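**Student:** Each chain is listed here by its residues.
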Amino acid sequence: GENVGLHLPTLSVQEGDNSIINCAYSNSASDYFIWYKQESGKGPQFIIDIRSNMDKRQGQRVTVLLNKTVKHLSLQIAATQPGDSAVYFCAEIPGGTSYGKLTFGQGTILTVHP
Amino acid sequence: NAGVMQNPRHLVRRRGQEARLRCSPMKGHSHVYWYRQLPEEGLKFMVYLQKENIIDESGMPKERFSAEFPKEGPSILRIQQVVRGDSAAYFCASSPRGKDTEAFFGQGTRLTVV
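Chains as they are written, first to last, in our numbering: chain A, 1 to 114; chain B, 115 to 228.
Errors might be hidden in some of the hints.
[Unchecked claim] For the chain A half of the interface with chain B, some residues (derived, Cβ under 7 Å), not all of them:
hint : residue
1    : Leu8
2    : Gly43
3    : Gln106
4    : Gly107
Hints in this document: simulated from the structure, not taken from any laboratory.
In this text the structure is predicted, and so the values were computed from the model without any measurement.
Glycine included, C-beta positions come from ideal geometry on N, C-alpha and C.
With these hints in hand, go ahead and build the complete structure from the sequences.
**Tutor:** Written as structure tokens, this is what we have:
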């Protein structure tokens, strides 16, 4: 969805559908890109990462795609479940550093309807 | 192995008071990051510390904010003379290595300034 003012983009899906969450990043020199899941009242939880020299990586029920040409990152969740409802953030780690300083995107609210 | 522990979970302070936020990293983790999250926004990097050293404080406000990670004990984020704009969720993350994409986040401290 389109981000207007302070409202986060939202995505509503039915249980069992596949979900695709998108993220545009700004730093073409980033080394790593990471997806985090944040449930209400909790800290972010690591989902999956991808190094900048890759374009696809798969995990359990999740796939991350990286398109460096247009600086776009996506997270695909297969067979989405109600427990997947959360805010999803992409984050990047800049190149040229020896530590994992994260720059987060604004986030997307995923709501899964049973 | 307990996760990253932050306390208190909720903290209410009057304007002008001091706020102290504590973070105990996971066992064996010597790298600590602090992030701030305003409502409906992503997390913003504040500071990166190793034991007894501040490595990167580029995200810390120049005044009133300080952080430490002593040889013994938790990392502390200290905010002096709090103002309403300091109200936010403050998250700590730890990792065993410098450039580790899988940093583990605590549950956060929600600071409310009244």
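**Student:** Please name the hints from earlier in the document that this structure breaks, with their numbers sorted from lowest to highest.
**Tutor:** Structure breaks no hint.
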